[in-house]
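S.K.: Residue numbers (this note's numbering), protein chains in the order written: chain A, 24 to 338; chain B, 9 to 321.
The hints are all genuine.
Straight-line alpha carbon distances no greater than 20 Å define the calculated DMTMM-like cross-link-like pairs of lysine to aspartate or glutamate that follow:
1. B:Lys92 with B:Asp280
2. A:Lys194 with B:Asp280
3. B:Lys176 with B:Glu104
4. A:Lys194 with B:Asp41
5. A:Lys113 with A:Asp85
6. B:Lys92 with B:Asp66
Keep in mind the hints are simulated off the structure, nothing from the lab.
In this text, all values refer to a predicted model and were calculated from it rather than measured experimentally.
Take a look at the letters that make up each chain.
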Amino acid sequence: MVELKVVNAVNAEALSVEAASVHVQASAWQRVRRSTSVRIGGTVLLVLVAIALLAPWLGTVDPALFDPGSRDLLPGQFGEITTLDGEQLKHRFLMGSDSFGRDIHSRVIYGTQVSLIVGLFTAVVALVFGIGFGLCAGFLRWLDGPLMRVMDGLMAIPAVLIAIALVAMWKGSVPTVVVAIAIPEIPRVTRLVRSLVLSIREEPYVEAAISLGTPTWLIMVRHILPNCVAPLVVQGTFICASGILTEAILSFLGVGLPSDIPTWGNVMAEGRAQFNTYPHNIFFPGFFLALTVLAVNILGDGLRDTLDPKMAKRG
Amino acid sequence: MFTFLGRRLLSTLPVLLIVAVLVFFMLRLTPGDPAALLAGDAANAEQIAQIRAGLGLDRSIPVQFGIWFGHLLTGDLGQSFYYKTPVTTLIGQRLEPTLSLTLVTITLAVLVAVPLGVLAAWRFGSLLDRVLMGFSVAGFSIPVFVLAYLLIWALSLQLGWLPVQGYKRIADGVGPWLYHLTLPAMTLSVIYIALIARVTRAAVLETLGEDYIRTARAKGLPENAVLMRHALANAAVPIITVIGIGIALLIGGVVVTESVYAIPGLGRLTVDAVLARDFPTIQGVILLFSFVYVLVNLLIDLSYVFFDPRIRY
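Chain A with its partners taken away, still in its complex shape:
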C-alpha cells in the first residue's frame, strides 16, 4: 500500500513536470504569435509564398516566351505574345516587357519561386553542416582546435567573394548556387552551436546523463539539440534573408543562375542597359527583392525577440 502511494506520488510529480514543460512550450508559441514583427513579416512572407505557388494563375505566361513585336512595352500596355505552338495571344504586360519582348510580370512572379527556394535551402544547408561541425567541435575536444581554425579562416574571407568565386567556377544551377551561398554561412552556425554545446554540457542534467553512461550521440540528440532549436531558427531566418540577397547579387553580376532562369537578379541584369529609358525593368524586380528580404528580416527580428531573449540583448 505504502509502496503504491510512493509510485503514485512519483507518477503525479512526473505528470506535473510534463504539464509544466508543455505549458512553457505553449507560452513560447503564444509569445511568437503575439509579436507584431512576426505577424507583419510572416504575413508578407505568406503572401509571397502564395504568389510563388499560384504563379501560373496570376495573369502570367511562360516566362521564357517572347515576341519581337512586343519589345520595350510600358507597364500596363497590351501586346501580343507567341506561345511555343506559334500561336499569337493578346496579353497585357502589367510590368511592361524587356528588350526581347518577354513579359516582366511573368518573369518577376516566377522569380519569386527561385528566390524563396534558394533562401530556404541555403538556410537548411548552412544549418545542417553548421550543426554537424558545431556538435563535433563542442564534443570532440581534439577536433575543436583544427576545425575552428578552418572556420576562422573561412570567416576572414568576405562572404560574397566566396560565393562569386565558387558559383562562377561551378557553372550556375540552383543546387550549386545554394551550396556556394551556404558555405560562407557555415562558420557562423558552427560557432553558435559550439558555444551552445559548451555551455549546455556544463548543465547538471547533462552531467547526470554522462554519469549514467548515456552515449554521447544520445546526449546530443536528447539534451543538446532541443536547447539549440530557438537560436538556430532565428539564425536560419537571417541566413535565408542573406541567401536571397546574395543569389540576386550573383545573378545581377552575371555569375549566378543562367539567364534563361527567371530570377529577380537576372531580370535586373537584363534591364541595366536600358535603365535610362525603362527604369521599371529594374524597379519591379528590385521592389519584390527588397520586400522579400525585409519581410524575412522582420520575421527574424520578431523571432529573436520572442524565442531568444538572450540573443536579443546581445545584438
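Given chain A's structure and the hints, the job is docking chain B onto it.
M.R.: Showing chain B alone in chain A's frame:
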C-alpha cells in the same frame, strides 16, 4: 603592449595561411578550365594543352600550390592568366578607386550614423527613435544595387545633380573626384549606417543608465556635453568594434557598387577575373581583402586601449 602586439600579429598568420590554402584549393577543385577558356572555341586539344603547360596548370595540384605559396612568401602573387601582367601590378592599378570609395563611405557612414544613434538613444522610445530603427531594418534589407538604381534615377536622371557613372582620379582634382564618388558612397553607406546607428543606439542607451550620467546632469553639465563626453565616449568600444565587423559587409558591397557605377576598382577586377577563370588574380584579390579585414580588426582591438583606459594589454 608591444609583446601583445607581436603576439597578436603572429596569431593572424595562421588565419591568413588557412585563407590562402582554402582559396587555392577551392579554385582548383572546381571544374572550370582556364586554359580552354583562354584558348577560345576554335582551339584544338593540342593548343589547349600548350596553354595549360604555359600557365603551369599541367603540374600536380600540390606542386602548383608549393610554387604559388613560395612566391607568395616573397610578396609575389603570380602572373595573371588573362592580363599577362603580375597580379600585384593589377592590384596596384585598381587600388585607388576602391580605397577612395571605401574611405569616403566609412567617413560618411560614421558622420551620419553615430549622431543618429545618439539621438535615438537620447529620445528612446520617441517617434524619432522608432523611425530611425525602422530605417535601420530597411537599410539592412534593401539590396545595394536596387538602392544604387533608385539613387541614380532620382539624383542623376531626374534631378541631374550627380553623374550617373564613372570615376575620376584624385590626381585630376579633389572636386571632380568627390563629385563622382558621392553617389556610390551614398549607396554603399546605407547598410553601414544602419548597422552602426543600431549599435550606437544600444551602446549609448546602456551608458545613459549609468550613475556617472546622473552625476554629470546633477552638476549642471549641458545636455550635449553629457551625451558626447560621458555617454558617447564610454560607448565607443562597441561602436568601433562594429565598424570593424562591418568592413566585411563593405567589401561585399564594393563589388556590386563598382559594377553598377562602372568604377575601375578591385571589385570590378574580382568579377572580371572570376568570369575569365583567372586563378592568380582571384586568389590575390581574395587574399588581399581577407588580409585587410583581419588587419583592420586587429587595429581595432588595439584601439580599445585608447578608447577605454581600463583596458590594458
